[in-house]
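J.: Read off the chains here:
Protein chains: 2
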Amino acid sequence: MRPTVHDIAAEAGVSLATVDRVLNNRPGVRAVTRDKVEQAIETLGYVRDVAAANLAKGRTYPLIFIMPAGDNSFMRGLEAEVRAATVRSAAERTEITILTVPAFNAQALAEALAEAHRRQPAGVAVVAIEAPEVTAAVKRLRDDGIAVVTLVSDLPGSARDHFAGVDNVAAGRTAGSLMGRFLGNREGPVAVLAGSMLVRDHRDRLEGFQAVMRDCFGTRALLPVVEGQDDAALAEKLVAALIDAHPDLAGIYSIGAGNRGLVAALEKAGKAGTICVVAHELTAYSRAALLSGTIDALLNQDAGHEVRSAIRVLKAKADGLAVIAAQERIRIDIFLKDNLPSGQV
Amino acid sequence: MRPTVHDIAAEAGVSLATVDRVLNNRPGVRAVTRDKVEQAIETLGYVRDVAAANLAKGRTYPLIFIMPAGDNSFMRGLEAEVRAATVRSAAERTEITILTVPAFNAQALAEALAEAHRRQPAGVAVVAIEAPEVTAAVKRLRDDGIAVVTLVSDLPGSARDHFAGVDNVAAGRTAGSLMGRFLGNREGPVAVLAGSMLVRDHRDRLEGFQAVMRDCFGTRALLPVVEGQDDAALAEKLVAALIDAHPDLAGIYSIGAGNRGLVAALEKAGKAGTICVVAHELTAYSRAALLSGTIDALLNQDAGHEVRSAIRVLKAKADGLAVIAAQERIRIDIFLKDNLPSGQV
DNA sequence: CTGTTAGCGCCTTCAT
DNA sequence: ATGAAGGCGCTAACAG
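Order-wise, the sequence lines are chains A and B. For the first sequence, this note's numbering assigns the number 7 to the initial residue and increments by one for each residue that follows. For the second sequence, this note's numbering assigns the number 7 to the initial residue and increments by one for each residue that follows.
No lab work stands behind these hints: they were computed from the structure. Note that the coordinates shown come from a computational prediction; the quantities given were computed from them, not determined experimentally. Be a bit skeptical, because a hint or two may be false.
DSBU-like cross-link-like pairs, simulated, lysine-lysine; straight-line CA separation at most 35 Å [unchecked claim]:
hint, chain 1, residue 1, chain 2, residue 2
1, B, K63, B, K243
2, A, K343, A, K277
3, A, K277, B, K343
4, B, K277, B, K321
5, B, K321, B, K145
6, A, K63, B, K42
7, B, K321, A, K321
8, B, K343, A, K343
9, B, K343, A, K321
10, B, K277, B, K343
11, A, K243, A, K343
12, A, K343, B, K277
13, B, K63, B, K42
14, A, K145, A, K63
15, B, K145, B, K63
16, B, K321, A, K63
17, B, K274, A, K63
18, B, K274, B, K321
19, A, K321, B, K63
20, B, K321, A, K343
21, A, K42, B, K63
Modelling step: build the complete structure from the supplied sequences, incorporating the hints.
T.: Here's what the structure looks like:
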């Protein structure tokens with residue numbers, strides 16, 4: 007039988023309350039007494055039963071998730087994962103609220119953060135936009151003791167506690183590697199379609215992609231980046247224009263969302279399967295395009311993992327606990343049509 | 007505040023004990039009373055607090071893991087993950103024992119399963135070998151109400167409750183896709199180095215690989231499979247012979263372990279970076295080879311995920327609960343040198 | 001500074 | 001067939 011607080015109390019010759027004070031390093035214990043208790047903990051090899059502790063505490067964690075609105079499939083999937091987490095709220099002692107804001111609008115995001123602040127949650131998860139007013143709003147939350155985690159897109163240099171998302175520079179590098187190797191010695195330039203340079207994840211991916219193309223496939227021409235605002239209609243127009251302007255276009259790297267438009271443009275131009283396409287995020291559309299051969303490779307971040315990690319970290323930070331970084335790392339999944347998980351999505 | 011057993015008891019006008027009987031559908035409750043309680047559960051929207059239930063029950067789960075001995079890095083990493091899980095035993099109410107058996111030895115494995123049976127655990131996780139005596143031993147465990155999960159390598163057609171591992175046919179297909187595309191129109195045959203055709207995972211990978219090479223890259227010659235018994239020294243000898251016999255060898259697909267030997271042979275022959283290599287499992291050796299360019303792509307199964315999933319499933323099955331298949335799916339990770347997680351391993 | 005006492009939500013004898 | 005009472009391991013008032 008593993009030792010309990012009672013055993014420690016007996017071993018150390020003190021009361022339960024004192025043991026509890028030491029365990030939760032609360033004040034009001036003489037150093038000598040503390041030592042005795044810690045000694046007992048050590049010799050008995052005590053480890054606290056977290057479930058029992060939570061039961062006794064009855065603590066809950068009000069959490070707020072802020073994410074962009076719009077028809078971006080990835081973001082809607084992310085929201086679905088947050089909703090799935092609210093279902094588990096009972097077991098996890100969380101109370102999750104979702105706030106949606108217009109995409110790529112720093113002002114609106116800052117206001118949502120202020121609104122979240124008013125509600126006094128234990129923590130806030132936010133899909134960030136890099137802008138001074140957002141950074142400032144995050145700082146105010148942290149100054150008030152509210153934990154903040156950035157989700158999917160980071161806000162480096164801010165006061166946020168943690169970033170729950172992938173290494174987007176590595177993602178861009180991987181995209182570059184696949185593009186370069188898949189193209190081999192085939193002729194023609196490569197285009198890049200991003201969502202917006204306002205968000206850090208897109209900027210990071212671009213940086214990684216350009217670095218690999220430059221360092222490893224230096225002879226390949228890279229066209230200037232075009233920004234589709236993660237909007238399918240705009241993306242379609244832009245890609246159609248690219249195909250038109252560059253009949254020998256060999257590849258397209260799609261950094262953000264709007265893959266529906268990208269695919270439509272390729273198909274209408276009769277270039278599906280001819281131009282090598284590397285894109286991001288597994289959605290119903292991108293899955294179909296991968297299977298049909300219009301998209302050659304898909305880099306994905308698992309929204310479910312990100313949401314669950316964000317919740318774990320927010321709870322830990324709210325309790326002032328450290329997190330094990332390695333355990334919270336989100337991986338970049340690479341999907342070819344051959345290793346696509348059969349599941350839904 | 008969510009409702010508790012007390013609320014149900016009050017609402018139904020019965021005692022706590024009766025509510026408990028209904029909740030755990032134990033006998034000794036009149037149908038009318040049962041109905042009243044179920045009605046109350048329904049109207050109050052009660053969901054039981056599993057943590058509290060476990061605390062009260064004090065139930066633990068004795069589990070046995072059976073895995074191959076030897077210097078196979080992947081298997082040692084797997085064992086390390088099991089050991090890591092034993093550390094979490096306290097919180098998870100598990101008591102894990104590890105049994106190691108000689109690799110690729112069906113007789114020894116069957117005996118280990120019998121030994122596990124004698125110890126009467128709640129569940130057994132086993133890295134399987136496909137053989138009648140193993141299938142029979144698994145059946146005896148199941149017939150005795152002990153949950154069985156195959157780990158890494160499956161035993162299809164047996165009575166096992168679940169397989170905690172990747173879709174190895176898909177893994178083989180992915181390897182084929184990458185090999186074919188990376189080689190492009192470069193000349194030369196492709197060799198396959200397996201561990202043993204006795205284990206299902208190797209057979210499945212081979213099947214997937216051959217299918218894609220045949221269907222999508224039909225002009226590429228495939229050499230007959232050689233078996234290295236997951237042994238580095240033997241693998242080195244075999245690969246050296248292959249290189250010798252086929253000066254124009256374009257690619258090698260390494261299905262199993264022994265990558266150390268593979269890499270050594272390539273380096274000694276001065277073929278490192280020239281022959282396209284796709285291999286499995288991220289270990290200290292394969293990581294180094296990927297970074298140096300000797301290995302071009304690495305398919306990986308996350309041993310930690312597999313072990314944790316196996317434990318979750320064993321506990322659930324031991325309690326007679328269903329598992330959510332989608333949640334327990336283990337993914338195939340693809341690593342290029344650009345998306346290698348920076349961590350240890 | 002330290003100890004006593006009463007729960008958290010659930011399960012389990014033991015009576016009735 | 002049903003109920004009362006005590007306890008799982010921990011925390012949180014409230015006393016002293």
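J.: Look at each hint and say if it fits the structure.
T.: Now the hints, each set against the structure:
Taken as a hint, the K63 of chain B and K243 of chain B pair is broken in the structure, with Cα atoms around 57 Å apart against an allowance of 35 Å. At roughly 18 Å between alpha-carbon atoms, K343 of chain A and K277 of chain A fall within 35 Å of each other, so this suggested pair holds. Note on K277 of chain A and K343 of chain B: the hinted pairing holds, with a Cα-Cα distance of about 30 Å set against a maximum of 35 Å. Proposed proximity of K277 of chain B and K321 of chain B is contradicted: the alpha carbons are some 48 Å apart, above 35 Å.
Of the supplied pair hints, the one linking K321 of chain B and K145 of chain B holds, its CA atoms being roughly 19 Å apart against a limit of 35 Å. At roughly 32 Å between alpha-carbon atoms, K63 of chain A and K42 of chain B fall within 35 Å of each other, so this suggested pair holds. Straight-line distance between C-alpha atoms of K321 of chain B and K321 of chain A comes to about 26 Å, which keeps the hinted pair within the 35 Å bound. Our distance criterion of 35 Å between C-alpha atoms is met by K343 of chain B and K343 of chain A, whose separation comes to about 21 Å.
Of the pairs offered as hints, the one joining K343 of chain B and K321 of chain A holds, with about 34 Å between alpha carbons and a cut-off of 35 Å not exceeded. Restraint check for K277 of chain B and K343 of chain B: the C-alpha separation of about 19 Å stays at or below 35 Å, so the hint holds. Annotation: proposed proximity of K243 of chain A to K343 of chain A holds, straight-line Cα distance about 27 Å (limit 35 Å). Simply put, K343 of chain A and K277 of chain B have alpha-carbon atoms about 30 Å apart, close enough for the 35 Å limit, and the pair holds.
Between K63 of chain B and K42 of chain B the alpha-carbon distance is near 25 Å, which keeps this suggested pair within the 35 Å criterion. Restraint check for K145 of chain A and K63 of chain A: the C-alpha separation of about 29 Å stays at or below 35 Å, so the hint holds. A C-alpha spacing of about 29 Å is found between K145 of chain B and K63 of chain B, which places the hinted pair at or below 35 Å, so the restraint holds. Between K321 of chain B and K63 of chain A the alpha-carbon distance is near 26 Å, which keeps this suggested pair within the 35 Å criterion.
Restraint check for K274 of chain B and K63 of chain A: the C-alpha separation of about 63 Å exceeds 35 Å, so the hint is violated. For the proposed pair K274 of chain B and K321 of chain B, the alpha carbon gap of about 49 Å is over 35 Å, so the pair is violated. Only pairs whose Cα atoms come within 35 Å are accepted, and K321 of chain A paired with K63 of chain B is accepted, the gap being roughly 27 Å. Of the pairs offered as hints, the one joining K321 of chain B and K343 of chain A holds, with about 34 Å between alpha carbons and a cut-off of 35 Å not exceeded.
Restraint check for K42 of chain A and K63 of chain B: satisfied, since their Cα atoms lie roughly 32 Å apart, inside the 35 Å limit.
The structure fails hints 1, 4, 17 and 18 (numbered hints given earlier, in ascending order).
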